[in-house]
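Q: Sequence:
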Amino acid sequence: MPSSNWFVAALLLLGGTALAAPPYAATVRTPQLDLAVDLRSPHESNSSGISDASPLIGRQVSTVARFDFRWVKRWAAIGDSYTAGIGAGKPLGTRSKNRDDWECSRWSHGWPRLINAWLSPSRRDFQYPACSGDRSVDIYEQARSLQGDLDLVVMTGGGNDLCLNALIKKCVLLAYDGETACNEVLMAAENNMNTIVRQNLNYILEELMYKMADQGIVMIMGYAPFFNTEREDCADQNWAVPAYWKWRYAFGMGLTLTKARRVRFNKLVADLNKVLKDIVEQYQVDPRHDAINIGFIDWSEWPATVGGQMCDPRSDGKYPDPKHPELLFFKPNTEKLPSSRDQLTRREENSTSAQNGELNPPEEEPLDLSMEAFYESPLYKSPNPAAVARSKLDRRAPTTPVCPGDNSWLPEIPDSYAKWFHPNEKGHGAMAAFAVNTIAYFRGKMLNLPGMDICQLKQRPETTCYASDPKKKAYVTWQVMDRGVKDFCEWLSPPANTINWKEAQVYNEGTPDEFEVSLTLRNGAGSYSRSRCRESMLELVHGCNPNNPDNPQNWKHGGKWIRGNEIYEIKPTRERIWQKKPDGSCRAHNKGGYRAYKIHGRGWASDDWGKLLKKKIQECAGDWSVNSWKFEYYDKDGDNWEWEWWSTFTLARGTAWHSNLEECWNNLAVPKAAGGYVHKMKRRVQDEDVNDQGCTTSTDTP
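According to mature numbering (1 follows the signal peptide of the UniProt record, and there is no 0), the residues represented by the sequence shown are -20 to -1, 1 to 682, in order.
Think of the hints as simulated: they come from the structure by calculation, not from any bench.
Glycine included, each C-beta is placed from N, C-alpha and C at the ideal position.
There's no promise every hint is true.
[Claimed, not checked] Pairwise CB distance ranges (calculated): (1) Pro529 / Val243: 24 to 34 Å; (2) Asp194 / Glu159: 48 to 58 Å; (3) Trp609 / Asp258: 44 to 54 Å; (4) Arg79 / Gln459: 39 to 49 Å; (5) Thr160 / Ala215: 33 to 43 Å; (6) Asn171 / Asp213: 51 to 61 Å; (7) Thr285 / Asp530: 38 to 48 Å; (8) Trp609 / Asn671: 25 to 35 Å; (9) Ile557 / Gln459: 19 to 29 Å; (10) Gln485 / Asn528: 22 to 32 Å.
Full structure from sequences and hints, please.
A: See the structure below:
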């Protein structure tokens, strides 16, 4: 491709039943026409893969050229079940047809297949040896099997080296051997990570060096933690599958999925991602690895951000659960257990496998690629969803990891069960979106392309983004503004038989998140379209100032769009001190039969007068434990050391008085659940350390 100035952005299809869109639409400016990539895959729209239908347009650049993925002629996806897409969509093979796909449990909605569908597979060579159950030693063989001259390779790897199959069996689904057996697997996983994973991944990358084309890119996809760890409720659910095949298990009780165990599982995932990132960073700075361009795709925070983890407080274990539609992973119905079981990988299966007959997966639902779905996508609204991610070593065979139970008999698990603890269609859609975004951004940086701010709303004469005005110091939490403009357009009731009218609504009056939404008609216009209103307002919310590194919280400043005879405007009304992250200070002291708390905050709890904060305190400490509740906003920012609000309340002695401080505050359970953070309050603000998290008590206040 020419090395002229490009605007680089990321687009993406989504995978699955409900996750509708990527965080951005890929857009550029040409001298003749502003073009935006259609939300459909290029081969489903027009030959160029672009459309002038989308209102989202990119920032202007000096030299005009469209960035796309035509540089990808040959590419591959290698790895384990996360790349094979187990359970997502429909199986690609059967026992009698496409057996290799069946043996490796490759499914239609895995994130690499979603990307390949958008890339237009008829014009590209796609190799897909990813196989469920494969460990790094097997992924090394996958890499060796690839035909070379590859422009792009994406991969996952390392999860099965952490004994995923054994972890699921020994610690969750078949956890009848007790805590010792589970800990044995966890310790083996931790040992394998620090020895085998790091070593073997280097061998895989070394092998890929011989497979890549000039300027080819390798992208390693990270993993995401499965579990929400806010509360203990999940331990009350029944995760263990009845083990009737072993008489000594028939009447046994499996381990409960305690908060402590979930925290340890999540830490294992975080530690694995750190190892993967470390390897990527070593390759990036080592001149001996210039032959390979490597990056890391980090989607690990996304499930927690959108409430997509298992054990979410909203769910009582049902699956699917209408109260928890954002779930990004397959899970069992832990309220009512299913009755059959299958295997994680069939590669070693013999003819007497536990699974007989073909699977009957749920029908694949069509992808929702409408503009409405695009705006509703949580990835579209995410603050900074992109994560930007080279010594030849003596070549020798990678080491095979050892996991407890490798040589012992355990029943095999079919795909209908093995998909548990793997991304569902929504999860693969999110992974695909993060992948395309990161690849586009990485290649743009690799080629030193200007114009890398993604998806900036086009600054036309008729549009104004208030974020670009240094005099505009007011801003609002993005979720609050998003919710407000939707409400405005839904319930707008303009005057009948009237032209040139104006309707306005103030939201969150008296709070830091106060803002006004208005629609004005002109030139004799008298009617409006609800969908056009919603589309226009959402463009102002999410098209202005996205992905600004100086705005990691994705604060929204609003703007104005004169669109024909309609004037859409979103105007935050309260000037605020700029906050790059939420903060708070907390003090707890003994007061008779109570413990009294005082909290200051900024950058969170800024629209609801502390309702969510109080709710989370009650959930942690007990519904009737919170007394003498007060919550007030300061009149303006700058008052009281730049805090935006204060709250005081008491907790009675009988409400887990001492443990509450640790469980609810010092580990940040309550403030995090309310979208914020607290550090220990001191008598002098100058003495406070923002990294000293938790609440000061009467015994440690200086």
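Q: Look at each hint and say if it fits the structure.
A: Each hint tested on the structure:
Between Pro529 and Val243 the C-beta distance comes to about 30 Å, which sits within the given range of 24 to 34 Å. Between Asp194 and Glu159, the C-beta spacing of about 53 Å keeps the proposed range 48 to 58 Å intact. In this structure the hint that Trp609 and Asp258 lie 44 to 54 Å apart at CB holds, the actual value being about 46 Å. Taking 39 to 49 Å as the suggested C-beta distance range, the pair Arg79 and Gln459 conforms, at roughly 47 Å.
For Thr160 and Ala215, the Cβ-Cβ distance of about 19 Å falls outside the hinted range of 33 to 43 Å, so the restraint is violated. Distance hint check: the CB atoms of Asn171 and Asp213 are about 32 Å apart, inconsistent with the given range 51 to 61 Å. Against the hinted window of 38 to 48 Å, the Cβ-Cβ separation of Thr285 and Asp530 comes to about 20 Å, which falls outside the hint. The given range of 25 to 35 Å is respected by Trp609 and Asn671, whose C-beta atoms sit roughly 29 Å from each other.
Evaluation of the 19 to 29 Å hint for Ile557 and Gln459 yields a pass: the beta carbon distance comes to about 20 Å. A C-beta distance of roughly 27 Å is found between Gln485 and Asn528, which places it inside the suggested range of 22 to 32 Å.
The structure is inconsistent with the numbered hints 5, 6 and 7, although it conforms to all the rest.
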